[in-house]
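From first to last, the protein sequence lines are chains A and B.
If you count the first sequence from 1, position 424 lands on 424 in our numbering, and the numbers rise without skipping.
If you count the second sequence from 1, position 125 lands on 125 in our numbering, and the numbers rise without skipping.
Be careful, since some hints might not be right.
What the hints assert, rightly or not - Below, a list of computed lysine-lysine pairs in the BS3-like style, where the Cα atoms sit at most 25 Å apart: (1) A:244 / B:141; (2) B:282 / B:306; (3) B:220 / B:282; (4) B:220 / B:254; (5) A:184 / A:244; (6) B:139 / B:176; (7) A:184 / B:249; (8) B:124 / B:141; (9) B:254 / A:74.
As the list claims (entries may be wrong) - Here are some, though not all, of the chain B residues that point toward chain A, as calculated from beta-carbon distances under 7 Å: (10) 169; (11) 173; (12) 174; (13) 207; (14) 230; (15) 234; (16) 246; (17) 265.
Keep in mind that the hints were calculated from the coordinates and are not lab data.
Just so it is clear, CB atoms sit at the ideal spot from N, CA and C, and this is done for glycine as well.
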Amino acid sequence: MSRPSNFPPPFSAADFVAEPTDPLDERIEVGVLIVGAGPAGLACAIRLGQLLGENPDVAERLGDVPVAVLEKGKQPGSHLLSGAVVDPRGLRRLFGNRLRMEDLPSFGPVPGESVYVLTRHTALPVPPPPPMRNHGNWIFSLSQLGRFLAERAEEGGATILPETAAQKLLVSHGRVVGVRTGDKGRNRDGGELGNFEAGSDLVAKVTVLAEGTQGHLTGVAVDRFGLGGEDPQVWELGVKEIWKVARPLDRIVHTLGWPLRTAKRYREFGGSFIYPMGDDMVTIGLVVGLDYRDATLSVHDLLQELKTHPKIRKIVTGGERVAWGAKTIASGGFHALPSPLHAPGLLLCGDGAGMVNIPRLKGVHYAVESGRLAAEAAFRAVQRGETPATALASYDEAVRDSFIWSDLYEVRNMRQAFGHGFFVGGALASAMTVSKGRAELGKLPAEPDADQPLLVTDRDAGYPAPDGQLTFDKLSSVFASGNKTRDDQPNHIRIERRVPREVAQMWAHMCPAQVYEIGAEDADGTVRVELAPSNCVQCGAITAKGGRLTPPEGGSGPEYTLT
Amino acid sequence: MRFLVFAEQHEGEFVKNSLGVLSKAASVGDADAVVVGTEAGLAGGLGKHGAKVVHVAAGDALTPPLPQPRVDVLAKLAPDYDAVLFGQSVLAADVAAGLAARLEAGLNWDLVDVELQDGELVGKRPALQDSVLVEVGWKSKPGLALFRSGAFDPQESGGEPEVRDVEVQLEDFSTKVEMVEQAHAEESSGPSIEDADVIVAGGRGLGAPENFTLAEELAKALGGAVGATRAVVDAGWYPYSAQIGQTGKTVSPKLYVALGISGAIQHKVGMQSSGTIVAINKDANAPIFEFSDLGVVGDVHEIVPKLTELVRARKG
Numbered sequence: 001m002s003r004p005s006n007f008p009p010p011f012s013a014a015d016f017v018a019e020p021t022d023p024l025d026e027r028i029e030v031g032v033l034i035v036g037a038g039p040a041g042l043a044c045a046i047r048l049g050q051l052l053g054e055n056p057d058v059a060e061r062l063g064d065v066p067v068a069v070l071e072k073g074k075q076p077g078s079h080l081l082s083g084a085v086v087d088p089r090g091l092r093r094l095f096g097n098r099l100r101m102e103d104l105p106s107f108g109p110v111p112g113e114s115v116y117v118l119t120r121h122t123a124l125p126v127p128p129p130p131p132m133r134n135h136g137n138w139i140f141s142l143s144q145l146g147r148f149l150a151e152r153a154e155e156g157g158a159t160i161l162p163e164t165a166a167q168k169l170l171v172s173h174g175r176v177v178g179v180r181t182g183d184k185g186r187n188r189d190g191g192e193l194g195n196f197e198a199g200s201d202l203v204a205k206v207t208v209l210a211e212g213t214q215g216h217l218t219g220v221a222v223d224r225f226g227l228g229g230e231d232p233q234v235w236e237l238g239v240k241e242i243w244k245v246a247r248p249l250d251r252i253v254h255t256l257g258w259p260l261r262t263a264k265r266y267r268e269f270g271g272s273f274i275y276p277m278g279d280d281m282v283t284i285g286l287v288v289g290l291d292y293r294d295a296t297l298s299v300h301d302l303l304q305e306l307k308t309h310p311k312i313r314k315i316v317t318g319g320e321r322v323a324w325g326a327k328t329i330a331s332g333g334f335h336a337l338p339s340p341l342h343a344p345g346l347l348l349c350g351d352g353a354g355m356v357n358i359p360r361l362k363g364v365h366y367a368v369e370s371g372r373l374a375a376e377a378a379f380r381a382v383q384r385g386e387t388p389a390t391a392l393a394s395y396d397e398a399v400r401d402s403f404i405w406s407d408l409y410e411v412r413n414m415r416q417a418f419g420h421g422f423f424v425g426g427a428l429a430s431a432m433t434v435s436k437g438r439a440e441l442g443k444l445p446a447e448p449d450a451d452q453p454l455l456v457t458d459r460d461a462g463y464p465a466p467d468g469q470l471t472f473d474k475l476s477s478v479f480a481s482g483n484k485t486r487d488d489q490p491n492h493i494r495i496e497r498r499v500p501r502e503v504a505q506m507w508a509h510m511c512p513a514q515v516y517e518i519g520a521e522d523a524d525g526t527v528r529v530e531l532a533p534s535n536c537v538q539c540g541a542i543t544a545k546g547g548r549l550t551p552p553e554g555g556s557g558p559e560y561t562l563t
Numbered sequence: 001m002r003f004l005v006f007a008e009q010h011e012g013e014f015v016k017n018s019l020g021v022l023s024k025a026a027s028v029g030d031a032d033a034v035v036v037g038t039e040a041g042l043a044g045g046l047g048k049h050g051a052k053v054v055h056v057a058a059g060d061a062l063t064p065p066l067p068q069p070r071v072d073v074l075a076k077l078a079p080d081y082d083a084v085l086f087g088q089s090v091l092a093a094d095v096a097a098g099l100a101a102r103l104e105a106g107l108n109w110d111l112v113d114v115e116l117q118d119g120e121l122v123g124k125r126p127a128l129q130d131s132v133l134v135e136v137g138w139k140s141k142p143g144l145a146l147f148r149s150g151a152f153d154p155q156e157s158g159g160e161p162e163v164r165d166v167e168v169q170l171e172d173f174s175t176k177v178e179m180v181e182q183a184h185a186e187e188s189s190g191p192s193i194e195d196a197d198v199i200v201a202g203g204r205g206l207g208a209p210e211n212f213t214l215a216e217e218l219a220k221a222l223g224g225a226v227g228a229t230r231a232v233v234d235a236g237w238y239p240y241s242a243q244i245g246q247t248g249k250t251v252s253p254k255l256y257v258a259l260g261i262s263g264a265i266q267h268k269v270g271m272q273s274s275g276t277i278v279a280i281n282k283d284a285n286a287p288i289f290e291f292s293d294l295g296v297v298g299d300v301h302e303i304v305p306k307l308t309e310l311v312r313a314r315k316g
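Excised from the complex, chain B in its bound form (with noise of 0.2 Å):
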């Protein structure tokens, strides 16, 4: 099974996510991957996460974060592949749709698991608001799929990766687009919850809003960042920008620290599939704990203090 990925990068690093599929490309099969809009330079990086062979497109017309000149690049290089994989963003999406009409290819998307079934390819998908998984596949080759974000970790198995230029033609309607400028959201300091590695998140539990400087200062003990329910966002004690949940962010930090928060399912699905849940709250009968690796029955009050100067002290 010969796979294509989409390595997607911004400003000379690639994005978490599409190495996450990199990763677990390699691990079901032989993985390529393509990176646009970059020098050869960054290429090489990737020989770590599984790439045997990068392709590398590179011009003016490819750097700014465009859809349709990565779907010529792709489209090129797609046939002789037997999937091609993205992982979830705005741009990706794009390419992934716009690839999939170019070659009239069939997309399965929001995907958060792929495997080998009899040689064949098959791609689950969560369904029924995440209650069961679907096994989906495709009918032609090369099949696409977008996987939703987090669905991996990045995994470093490989090494040296063979580094090739690919030389595209543009199509005329591609160059029609032009970047005229981009604005990002402001940046907070530290880690954003997609990417944090540690997420500590305050719900209603924590009482009033100032006390959303427990989960800022324990976060910034533990190098993460802070993640927050709806219900407080609609409180307005934090920004929507950090909410998590079935309308917020989804998020799959390797830890993720709850504080006062109950649990709700809306809550649930935008943070389950975390590596270790750690809850602190005073109801028992909250349903975090139903789903938390660690649960302590208490006071956020005067725990997380404790806990913040405790992590403190270990790293010095």
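Isolated chain A, as found in the complex (with noise of 0.2 Å):
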């Protein structure tokens, strides 16, 4: 059978680097330039806005703009979409006494748990494993968080720009001089429309890659860098919808099994998470390792099918569907981190850097932590006397004594040990948790999900059918999640769009957001796959399953708002 990765994009990173072009007088400078307005950029200009306001003349070294942070998304949080249950320790790190957990937008501290084991009709309790407990851990809406997070980066004296995507990374002599944004306003063939806007050089003294999972631009670095990890990144798909619901849940639930299928040569792992959100609403979401090799597996539909639960469905009854998104997390763990961190000019932060722990399901509280990490190694490059590489390079020292890596030490070989599962793997290696990752199981194999070959089933056949009130199709949930990008621009999805039909089934099932569809078939059995790009939210599951999403035009995509 086939493997995706037998059919690569046509995509070079080596396209996405680029020496600064604009004439020196039309190029923005800024101080630190940070690309993405997620917890890990965020956190990172606010820190840095702490150290500027303690250190005044630094900031005026850096001159009008000493902090700017791109963001892609229409505003901050228009692209972020977690769980998320947070583990508090990097927000109060960050804020120490400025402002306590009570001050943020939370749903407030978890108020109990449980853990199911579910079959189709069955749900079967289960204690939950040490890395799942959540006591003392916060409930967020990560994008709400994200848009606080940004004001607070604004009073701090940042820039925040959205809707601008960071395009390719400007590398002059060797280091990382800064980004060229995207450009505005071309039709479908490239060609320029009346509302035409040309990208722009950002130059930077230093610049903060904090793009979350499947970062365009810190795919490049890695390339251009060769900052890859000693595992391969891999990846896994969450699928989550917010309804309004008539009656309050009181705990967070984690399920495993059913919709998933156990038996070893499906490769399905993962599990769903079902957290409220105050008393009159609930998130429910689904994530599943894209390791898997059903072509007709998707995730989106899966996630349909488990609210047709008895379990699942009594808590949505009576309720509303009002959002819907989708994303990828990084789940390769402490093997697949960039090594080194940095690069001359560059740091590496967060989600984008692969800092997620797995068997926890987290990696918020990294993110933060990383970022403000990068503040700090950022604000000694750019003092007088200090040595840039020197300084950029403490970075990697830093998260070396930091709690990212222990954690992430600590779990290094979970994912690979399990096969790969979210919840399945969380829960087995509950053991390994136990002995604080002391045993000795070496270094275990790791190979990319698009590496895995396919098989066709009928599982598709077994997906509910939508009735726009419990089930809903991807259009509409597309829809739900504010997406609403201008049709005519150019396309930003790189695949091969002559593959064998299995290719084609499994891009079509796995998208959430329904951007491909399987057109003609030729005479030698292969199809041609026809692209909806507008349709995108921007989750990044086919640059795991052997396609590369790159940026569209700033503004475009999802507009997260609960999520």
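With the hints as a guide, bring the two chains together.
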């Protein structure tokens, strides 16, 4: 059977590395340039604001715009989606005594928790395995938290540039000197429309890539500077909905098992999360490892199926779906971390660098902590008398000394050991947690998601028909994501357009936003893949499964507010 | 409640949208209108849509469709009114925003309705992707409102208005901009889809780009315009200018005929306020049948040519 990686996309990272081309007086000069207004990038901006506030002389030397944050979404938070049950360590360290957890826009501490193993009709409660114990963690909407952090960053003097995609990495004499932003106002064929606006060169003393999962320039930088980790990065895909509900949910719920199949040949590993968001909302999501093999697997449709389970249906009955979204999660863990986490003029943070603890289902606190540490290294690099190279290298040391490193080291083998599972992996791996990772298993092998050979089953025949009440089709879900991307713009999705049918089928089912359709068949048995790129919610699954997502025009994509 | 309605005109013809807003205003309270950039001759026509007084401001500086001189005119008249109403257009949005800034007045935009509640003006604005209507009000007078395209149909209710000339001293900064050139998108024959009373729209169910002639022929017979779904525009079957839906145009004709359109919500939000919706689709489970007034489960290729023939025969 075919492997998606046998059909590589027409994409070369080198095409996204460039020297600055704008005339000197047209370049936009900033002190520290942060790409991505998520928890990592905004924590970095907030910490820089604190440091520059204490050192006005340094701020002055950095010019009119000491700190700039680029955000490709409509506004900060538009592209943020997570569970999110957040370990408060990162936020507490960032704000110190400036803000308490109670001052942040959360849904409060986790009130209690349950874990169930599901079959089609039953739900067996099991005690939460140690990594999944969430006492002391807080429930957030990451999108809301992003908007809040953006306001704090702006108060600290950062300039946030929304609707701006970081298209190319500017490299001069072997050093990252900023990014080039994407053009706006091009039509499908690349021609200039009436409102065409060329991108600009943003040049900076230090560039911090905090792009989140599947970061475009992070991928480019890893390639350009050889920063790849020991293992290839792998991902899981999460699809979630937010429901207004009639009755409050009094605890967080995780489920394992159904609707995923346990037979090993399918490699279907994952689970669901159901979290209360105050008294009247609930978020419900399903996460599945993208190393699955069945071309007819659709995480979106499995989430729909999950809701038909009596246990789950009971939670949402009488309610109404108000939002939907999808995103990938880096799950390669410790061995897939870029090494080092810096290059000349450049730092890598957060999910983009793969800082996610899969058995604990947590990454927001690592994003915040790595952003904070990146700010301190960047601040050191712009001091008088410092060697920037040494200063940026201190970021790697700081990460190694932080809880990010010790946490991720502890769970370094769990995903590989237990078949790349999200919750199953987490549950079974609790033994490893008990031993604090001291059980020496050596290093277990890992392979890219796109290397998994495909098989085709009739799984899709079992997906429930959308009824518009409990279960929904993909297009109405894209609508619920707030996505109203301009259709008449160049395609931003790079794939091989002629592939064996099972590869096209896999993409069509995989994509939660109905971007891929199977087109006409050729004499040689391959099919043409038709694209509807404006449906794309930029989850990043295609990059894991044999294609490559690049940033569309700034401001495109979903407009998440509650996710 | 005294309303002033910005009656937008281009080359001697009123924009249908602003006439709809005027009719609505006349049904809620006393409606006056203001016309900028044309001679008084045209103004009388506004009476039948309910205008009691029509203010006319004309002059060379006011002829080109530029916003600032219009803001000057409205800023002079607005303080005498409870509310100033606009129908959505590029020019009207500019003028409304400029007037709000000038008067430090509140502007509610994207409204689809307005009513009086206990003597107070309340606007209705769709939110959360049009799934709910939010009531909005104003804290100060005059309140400014910009209505969504096609929110109201023009009604004929009134008679002869009183026409008054307005003399306005333009601000210095209002004359700094000059219209150099006006370009118009290529006009197809027949009405534009924003103004048409009848729209025949085609979706992927037409099967192939050449089958759009089915839609064109039927539209011609009915005196309407042709629309298209995003899917067929994406596939290059029909130009983007005809795209109806969330990322295309929002229309509300009296009759909307959907040929081979499944009715995804992205399409629905662009046409759901149409008067009568007729759908022809061979898939009986297509969502469009949930919101069409008349649904025909069948093959567009068989039905539409016969329907066109029948319409032609009836019309002679």
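Hints and how they fare:
no.: 1; hint: A:244 / B:141; verdict: violated, 37 Å
no.: 2; hint: B:282 / B:306; verdict: holds, 16 Å
no.: 3; hint: B:220 / B:282; verdict: holds, 23 Å
no.: 4; hint: B:220 / B:254; verdict: holds, 16 Å
no.: 5; hint: A:184 / A:244; verdict: violated, 36 Å
no.: 6; hint: B:139 / B:176; verdict: violated, 33 Å
no.: 7; hint: A:184 / B:249; verdict: holds, 21 Å
no.: 8; hint: B:124 / B:141; verdict: holds, 18 Å
no.: 9; hint: B:254 / A:74; verdict: violated, 35 Å
no.: 10; hint: 169; verdict: violated, 34 Å
no.: 11; hint: 173; verdict: violated, 24 Å
no.: 12; hint: 174; verdict: violated, 24 Å
no.: 13; hint: 207; verdict: violated, 13 Å
no.: 14; hint: 230; verdict: holds, 6 Å
no.: 15; hint: 234; verdict: holds, 6 Å
no.: 16; hint: 246; verdict: holds, 5 Å
no.: 17; hint: 265; verdict: holds, 5 Å
Checked against the numbered hints above, the structure violates hints 1, 5, 6, 9, 10, 11, 12 and 13; every other hint is satisfied.
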